[in-house]
Each structure stands twice: as structure tokens, then as C-alpha cells.
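Please take these sequences and the hints and turn them into a complete structure.
Protein chains: 4
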Amino acid sequence: MIIILKAQSEQTIIDAVAARIRELGLTPHISQGEYRTIIGAIGEEQPHLVEYLEEIPGVERVIPIMKPYKLASRDFHPDDSVYSIGDTMIGEGYVTVMAGPCAIENEEMLMEVGKAVKSAGASVLRGGAFKPRTSPYSFQGLGIEGLRIVRQVSHALKIPVITEVMDPREVDMVVEFADIIQIGARNMQNYNLLQEVGRARKPVFLKRGLAAPIKEWLMSAEYILSAGNERVILCERGIRTFSDETRFTLEIAAIPIIKEVSHLPVFVDPSHAAGRRDLVPALTMAAIAAGADGVMIEVHNCPDKARCDGPQAMFPETFAELTGSIRRLAEIMGKKMSPVG
Amino acid sequence: MIIILKAQSEQTIIDAVAARIRELGLTPHISQGEYRTIIGAIGEEQPHLVEYLEEIPGVERVIPIMKPYKLASRDFHPDDSVYSIGDTMIGEGYVTVMAGPCAIENEEMLMEVGKAVKSAGASVLRGGAFKPRTSPYSFQGLGIEGLRIVRQVSHALKIPVITEVMDPREVDMVVEFADIIQIGARNMQNYNLLQEVGRARKPVFLKRGLAAPIKEWLMSAEYILSAGNERVILCERGIRTFSDETRFTLEIAAIPIIKEVSHLPVFVDPSHAAGRRDLVPALTMAAIAAGADGVMIEVHNCPDKARCDGPQAMFPETFAELTGSIRRLAEIMGKKMSPVG
Amino acid sequence: MIIILKAQSEQTIIDAVAARIRELGLTPHISQGEYRTIIGAIGEEQPHLVEYLEEIPGVERVIPIMKPYKLASRDFHPDDSVYSIGDTMIGEGYVTVMAGPCAIENEEMLMEVGKAVKSAGASVLRGGAFKPRTSPYSFQGLGIEGLRIVRQVSHALKIPVITEVMDPREVDMVVEFADIIQIGARNMQNYNLLQEVGRARKPVFLKRGLAAPIKEWLMSAEYILSAGNERVILCERGIRTFSDETRFTLEIAAIPIIKEVSHLPVFVDPSHAAGRRDLVPALTMAAIAAGADGVMIEVHNCPDKARCDGPQAMFPETFAELTGSIRRLAEIMGKKMSPVG
Amino acid sequence: MIIILKAQSEQTIIDAVAARIRELGLTPHISQGEYRTIIGAIGEEQPHLVEYLEEIPGVERVIPIMKPYKLASRDFHPDDSVYSIGDTMIGEGYVTVMAGPCAIENEEMLMEVGKAVKSAGASVLRGGAFKPRTSPYSFQGLGIEGLRIVRQVSHALKIPVITEVMDPREVDMVVEFADIIQIGARNMQNYNLLQEVGRARKPVFLKRGLAAPIKEWLMSAEYILSAGNERVILCERGIRTFSDETRFTLEIAAIPIIKEVSHLPVFVDPSHAAGRRDLVPALTMAAIAAGADGVMIEVHNCPDKARCDGPQAMFPETFAELTGSIRRLAEIMGKKMSPVG
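Chains as they are written, first to last, in my numbering: chain C, 1 to 341; chain U, 1 to 341; chain B, 1 to 341; chain X, 1 to 341.
Hints in this document: simulated from the structure, not taken from any laboratory.
It is possible that some hints are incorrect.
It does not matter which identical chain is meant; a pair holds if it fits inside one copy or across any two.
In silico DSSO-like cross-links for lysine-lysine, where the CA-CA straight-line distance does not exceed 30 Å [as the list claims (entries may be wrong)]: (1) 6 with 67; (2) 335 with 202; (3) 336 with 118.
All figures in this text were calculated on a predicted structure; none of them were measured in a lab.
The structure is reproduced here in C-alpha cells:
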């Protein structure tokens, strides 16, 4: 860490700061400039020390040098992570498409959509049984009944499924039915839930919070990793900004930034970012071209009856066209589409 | 609701939309303009209908007219809500100061800070036993031991206490020890937690999420109110913006906006908004002058040892000066300071 | 326009509003609901009428239906615009790469970079003579001397050049030397400058303002178009958000949104958005995949001596690799690279 | 400055960086840690050096220590600035109210509003002759005719006037008619305009840009100050955020932040921030309570005919009530209302 002292600090202050740094198990290196004195605190940098150091009288600012996350960082794990879930491959070298309806409404619908997206090239089926809704008066999902449906369809179609968990009390149940567990954007900093899924033996798909800087997103991944679950997949789904033509602003730069600092696979959810189906193909192509390991797309066979998020779900036919384009793009990026079971 | 059709819609489309509106139990009023046809859907406006209507082919946009929340709205409850918690008064006519350390570290510390803030005029003591922390490696609070301490200090000093709950599994326990239950900003859309505290018999202090438009914040209050808990207190604590001199941007306009549309009391937390103690007095005064019903301020008797959020905690002496200023301001606003037990 | 009246409006209010609407040359259509009365104002919708209507007592909200821009809209000009500037093609069917140093430092440097980028496939050379700088103490560009250099290099290399104009007094001079005139992000709402370039006979490259919703960006294009200049090129270069790993947040969705509502070509400037050269290739590929008509990239042959914005300029070798990738991507998008003169 | 090298830098890199630092006239102080080497560059810190240092191979990050502005900083000018303009006082110890219509429409209207606001306690009259408008089709102000009107009214009522200048070609003309020159938010980084008003002999009222961090706002003040004009007044008028109940988000914390780092007076414009007149009183009181030196408020005697920004203008009667409240608040803040001529 670097400690910047206030202008014109007296020697007694400098000595006191240096003494405190030694107490904390670090070694101070003092650089006295014309206007400012700067002290480097050399040793193992622990994030919480920043707070202690900032409180020393005479200290103006403390600048951490190391990243606050470890297990999520590429320093710790230099190679890209790759996970296999049944026949589906996620990570380095693959482009993986997850698709399906926002919420599960009934078995026939999910079966029909599942067949369509699998035959178009999707290798993971999505479908929500527990739905976080802004309004207490909106449809909240089928719950356990939805989990049973998703499991049956997964079994019948031989495709792994991803579904969301919202409550630490329901993690065990969801783990039993799902192949990948999703943590929604609004729960990205629901730390008790993160710890609970950190103890699960299924991969976790962690959506970025609407107001989360990339560092905080990786810190949330660190919660899961440090609880023992090594398989985390990150998903950019748009952040909250002033821009008002879409529901959220998809931060496309998040993909190469994550690739640089972390070994974790990173996906994009263009459907929730845009909130309008007409933009989904362009955002999907942009995501893959920027280096994303995959996308999660909402597809519904009859969107005008969808019980939630209808206007952003693609129709199966246009989705099949889009997977054709993804395939061509993956090829020129030197990647393969994930095998479909 | 108002339904705007796409340009040059044919009569068959107009008829189909009108038919669908009737199916949904509403009455269509058609206005045909030179470029566009607009249909008013008259009847009880239910928020989820927007989604259905948007999905009808030929519809460009659906504009809801009614507010999506009911119990939280001033239409439903025209007078300002006032709650009494022991001797402490919260709401119309009062300015209420909640103060105390961020996290509870031990009984002596809390007792000392508690005495100081009570004698300065605070009528609620704050202190966290469960702490949401960005890093899994930071101090997470004393847990149940912290709850016991806060209860003892509350009893000894005769001051009601507020503490945070983060997990639906812990609501019953926290309710037993606390007088007011706090929902943190990162849990504002943790809907299962909201429903759980909605069943509790203690007032809920609901902080605004970092990325929450005011409407979504009120929808979260609606979750609690609709589950049966009538005593919700809102707290503005800063939103995430590009501005980089403070941790968050305190949206001062939120106060008069809430006052206009809702009957619920609204507080401000200047400490977490700023993240720096030097700005707390100015933000506190601004909050009261804008019409806030109270403030929640971090005070610590020895901030340089604080185990979390040290740099933003005020010292007891400057806090006492600030409550003096609050008192003078409350007076010219025609309000009283809440009685202290 | 749609006029929503306040709840429980009396008949006299409704009549007064209807009368006012007729005075303004529009026809009122009244829909009386249980809670609200809604009035459609049918006729030619002029943006400034919104303000008048909002001021009528009893009116709660006025919702415009038409877009506030005309000449920039696809309704006015359904086909994509294509411009030819020498051999260079900009618009539908082409991918056009503009490249060069941020600021012109001297003729040799510009000649060397110009040769490198042209041979790599760039068909427009960029270079700034007037530089907007945050600090009054930073290098502000070579001015008229820079314009002479850019003209000479353009002539010698047979490549059109783009350069920025910042002052309405300098438009005539810049027009004389440049093939395309650039308006920087911070001048997007410098209306007098927009009107001045609107009178020029050279295409205008209009960067999006850091805080500009897409509608306001198109309104700025409308200023130029309505002053008589039909050749406007839009350029997304990142908006100001809370995200802190890049200088600005590139809004990739802006590209398909513009394509839907406007006929104007849209480019992306990944260099200024990111502020770091390592992210430029990924953002460039994302831009093309999302449907952008081209990119503007900073290239410098010796970035460590660059007098401004050094850390974001690419080296000629990596730029050449990138144009190779752009070419392959353009092909699968069914587009051609613009011819190079 | 502090230069952080990449992890595991070899000694040759360290030596090269140190050599380069010496070439730039600074002295390097090297601190070698376990993971990183950090070099302090001691000497006069010039902002543009950051760019040079970042370009040295092996350098990861450069952290400036000094503020990038000088003349605007409290280090340079420790006491608060106070300006007198006729009888009107602006700065330390005073609360100054500027009020008037958004745009000047005709002499009678301005005279009437001017009398009303002066008698209510405003000591500066505002009124725009040149209006920046988002749409090229909106009313753009009366221009020179408006300037003549504002001068006549100022003379008749004996009240100084403030009006906006948008074009460097019009600065001389505006200076002749106005007592204070306003730079609008959208021109905060119109550097040529800043330099032109920097040469003027009238105080400049510099509104904050919608996307401007506080540092950039102060850098724009520095442009004016460094061109020789010592009388700059800053004005917070709201920034662009996701929050959607007001036109902009008034950043109330900007006031104490400016007070800490700068000697310049700081005002608030609640009318443009909110875009709705109902919020103006609460925002005004908050501004004064936070320490603002004054406010600028839109007042119109017949808002429903206002040719621009009508819905945010207050009526003279409610404005007079508000100035009564301001007066009481100023008193408990230990300040006086500025004398009215």
C-alpha cells in the first residue's frame, strides 16, 4: 500500500505513521518530496488494513496496490477455466448458448421451447421456477412445481438446465433439480446466499449487479470460490445508467476486462440488458466478437402470453437464425460451439 | 393505460387490439390521428397488464397511468404516517436522530457511544451485529453475540435500537432483540427477506438500493406493507453515479419526491452516502432542510480502531455540535426533535 | 400528443383543456376513465407544444408520440445513407476504418503513421490540429500549422483526412483543409458550432456527448441537417457511468438502436471509450459485429512520446492484425471494407 | 507522482524508469516490495507528465498526488473569495438570490418579474437572451434585442443582471450588457468560450456540466482564472444519472466538497436540476443548509405562456414565501442576505 501524508507533515507524524505500519506487520519506505511525504507499506497487503491506515492522524489517502480478490484472479489461476457439465462445455475454446423462457409456465411449453432451442444449437436450457419481481403483485414463478418440470424436461431432452435461486433456505432444493444455479443481478451482494451456493456442488452462474463495479462483482465471485465452490461463471447483463432506450446498459468492455484479470468464464445476457427482442441479435454478436464464452437468451414459443418479460423473448425461428450467425462468428474467432448432448 | 399503435396501422389491427382490451376486462377508447392511432384502455389498471398489451402485434408502446404501488401511496393514505417506538416519535412533526457505531465491537464501546449520542439528542441507537461486507475476508459482525450486546445496552440506557437483518432465516431472532429492523441497500430487492420482515411486528427501516429508481424503492416498501407490516421507514443513502468524490451520490430530491407521493417517513443516512466524516454535517443539515423526518449517523468514540467503515464515523463531540444545529433548524421548520426516553 | 389530467378533474377543466388544444390547431379526443381523463391531441405534433400543454392547470402529464427529430429519422429517409469521399465509401454495405494519431505533432510522424494505417486498410486518416483538453496547461494542438500538415500528408498519401473543429470562428478554415469535420463529444450541444458546420459543404462526424441520451444526440444531428448539410456521420464514443475500469462506458446497444430509427451511418471510437489500448481490439470487433459502419482508432508509431492520450493509441503492427480481423468479420456480415484510394 | 511497476519487474526495467524520471527533472525514490516495486517521483508535479510516465514499458499505473488545478484551489487562495457587484455581495458571509425568467420574452414581462423578485429579496436578476435548446425547432431567445431589454430593466430597477453567452463571437457584446456572464452546463468544456470569458472584465457564473466530475468542473474554472479573470462563481445544477423523477440529480455534496478544496463561491440552480417547480423550495433550502453561497431560481409571472422551461418556473407569490424561509435559514447559519440595491 501507498500512504500519502497531508501537506507539510511534521517529522513526529511521519514517525508515528511509520511505527503504526510496523505494528501492522509491514515495512515502511519513506519518500520525502517538496510538498508531500509518501510512505510505501511493503509486505502482505490485506484489504482491511486500508481502513486502519486511513484513520491514522496525518494520513491523507491510502492507495492499495494489490487486487482485493485472490481466487478469482488470473494471478492465482493463470489459465482460463473450463467446465464440463454433461456434454456441454463452458469456457476457453467454446461458445456456449443457454436459452429458454424467462419463467416456466407449464411442461408442454418448456418441452416445446426446449426442443426448439436444442435443435438450434443451445446446449443449456434456462427456465425460472422462482422469479424475482419488482412488484409483489406480479407472477412470482411456479416454485417447487417449476423445479420438477425443469428436471423432467431436462431428462427427456438430455440437456442440462439452469435455474435461479433467491433464498438461502432453498439452495439445497434447487441444487437437487438444477445443473447450474443462477444468482440474479439483484442478489449479487446477498452474501448469505453466496456463501450457501459456495457450499453447493453445482456450478454457479453469477449475474452482475446493476450498480456493481467490476471489482465488486469479482469480490462476489470470491465469496463463492472461498466457500469451496470452484465453478463460477460470470454474466454481464447490463448496468444502470442514464441511457433510456434500453432497460439497462450492456457494458461490452466488461468482457475483455474480465478476461484480463480473471480466469473465470464470462457470459452475456442480451435479453435482460435490452428488454427488447429486436436488439438481442446485435448484442449477441457483439458479445461473442468481444470474446464472451457464451450467451444466455430468452426464447419463448408464444411471447404474447408470457407471464413475465414477454417483450424481450425471441421467437424460436429468429433464434435459430441467430445461432447460425453465432456459429460463423465463433469459427472466425477460432472457437467451437459447445457440443449439444 | 394508453396503447399507442405503430404508424399506419390497418383497421383489422385496431379491431384486434380493441378486442383484446375487452377480453382483459377493460374498455377501449379509440383516437385516430393523422399518423397514429391511440387507444385508451379504461378500467382498473393492473400493472401486469402492460406486458400483455405490449405483446399484441401492432402495438408500439403501452403507457401506464396509475402508480404501480398502492399501500405506500398517498392516494391510499393521505395523511403522513407517524410511529411511536417507546418514547421515540418518527414521522410528521418530528426530527428523529438515530446514531451509533457501524458495527458492534463490544459492550463497553457500545455503552460509551450510546451514552454520548443519547445525551446529544439521539433517540435511537444504531449498531450492526450482521454486517454485509464486499469482501469475504472482512469482519462480518459479531452475530448473535452482537444482538445480545445491543439489547443489554438498549435496556441499560433506555433507548430503542435499530440493527440490520440480512437473511430470512435470521428475521425471527433479530426481531426479538431489535426495536427497528434495518434492511440494507444491497438487500432492497431481496424479495424473500422483504416478505419475511413484512410478517414481523417491528418497524422496518428500508434503505434505498444503489441502483433503485424511486418507484422501485416504493415497490419494495409495498412488499413489506402488503405482507401485513404497516410501519415502514424509508432511508435515502446515496445512489451509484459517475461522481467520484464521495462513495455514493446523495439524491436530496428524493425527500420532497417521497413526501409528495407517499405517506411513509423518509430518513437520510449521510454517513454511508459520503463515506467521509467531513461531509456529514453539511449533508445532515441539507436533509433536514429538504424535509427529511430524520437522519441516521455513524458515531464512534475511537474511529481509528473501528473494524469497519471507520473514516466515515463522526466523533461524539462534533456529533453533539451537529445535533445542536439540527435542533435550531428543526425549529425554523416548525418541527420538534423526537423525545429521548 | 396525449394529455393526462389530474385525478378527479371537473368537467370545466376538461373543457378548458380541450379548448386550449383547439386553439393550438389540434383536435382533442376525450377518454373518461374511472380515475382519470385522458385527452388525445390529434394533428401535427410540434415538440414545443408539450411545454404549453403541461402548463394548463389540471394537466398532470403530456406524452409526445412523435419523435422530436425529422431529417435524421428513418421515417423521413427510409434507406440507409451512403456517402463517397474520394474513393472512400461510408455507410450501408461498407466497413470503414479511420485511424491515425490523436494529435498531429509533426509532418514526419503523421506521414509515417499515415502510410502504416493506409497499408493496413484504413481509408481515412485522423489527426487533430485543435485539441480540447481538460486542463488549460496541457498541449492544445498545433492549430493552423497542424491543418497544413494534415493537408500535405493527405495529398501525398492520397487518403482523405478527418480533423476536429472546436470554434465557430474556425469552421471556414478547417473546412478548407479537411475532408471530414469532426465535432467532439464535449461540443455535441455547442449549438452555434453545429449550425456553423451545418452550413459547411463537408461531411460532419458527430461524436455523442458523454451525458447525451440517444434522442439528444439525434437532435444535435438534426441541427446540422436542418442547416442544410445532409452528410452527418454519428460516432458512439462512450458515456459517463459509474463503471470505473475504463474512461467511459461504450454503449454497444446504441448501434442497433440508431440503425432502427435513423438512416445516418454510425461509427464507434473504441480508443477514447476505453482509454486503454489493450481493450481496443475487443471493442472494435464488438462494434462491427453489432452493425457499426466503421470505427475510428488511434494509432501512433511511438506512443510513449505522444503529446496527448498516449496510453490508448495502438501500435501500427497490432493495428494491422486488427484490420485483418475486421476484414474477416465484415465478410461474414455481408459487407465490404471501404476501398482505399 | 507515484509510479507502480508491473509485477516481477526486472532490475533493468526499474533502472530505465528511474532514468526516465530523472530526464523529466524529477527525483526517483525506489521502494521494492515482495510483489511490486513502487517509485516515488519527487519534484514539481506537472499533470501532463502522468501521460509520459504511463507510456514507459514496465509501468502499470501512475498516481498523481497534487491537484490538477492551482488558481481555483484553496491551497493557492486560502480565504473564501467575496465579490461585490454594485450593492450585491457574493461569497463568504452572504446568501445571494438570483431570480428571473428563463428566457426574456419582452420588456413588460421582465420588468414585472424583476420588480417582484427584487421586492422579495433577490439581488440579481436573471434572464436569457441566447438560449441553448436541444431542438433546432425551439425558441432560441431574442438575441441582441433581449440584451437591450435586460439592460434597460436592470437600469430602471437598479439591480445587476446575469445572462448567458454561448458563442465566443458574442462575448464582447454580452459583456457590454450584462453584470455577470453565465456559461451554461453544456458549454462547461467549450474551452474557446472559457478562454474568451477569461479575458472579460465581468464575473463569470460557471454551471457544472451534466457529466462533469468535480475535478473537471474546477479545471474549467481554471481555464477562466488562468486567462486572467479572477471572479468565477460555480453553480451546481444537477448531473445526469439513472434517477428519473427529476430532469437531473442535484448533487448536494458538491457544495461542501467545493468549499473544502476551493475558495470560489458556489451556487445551486434548483430549477434546472428538478425541472419541476414543486421541488424548488425543498432543494433551495437544502442548498443553503449545505453551505451554498446562493441560489439561482426561475420565476415567471405567467408560467403557462413561458416560451421555454415553463413547468419549472415559480410564481412570484410562492417565490416571496421561499425567500422568507431562506432569510430565516441564513440567520441560523450565521449569514446575511446580500444587500439589494
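Taking each numbered hint in turn, which are not upheld by the structure, reported in ascending numerical order? none
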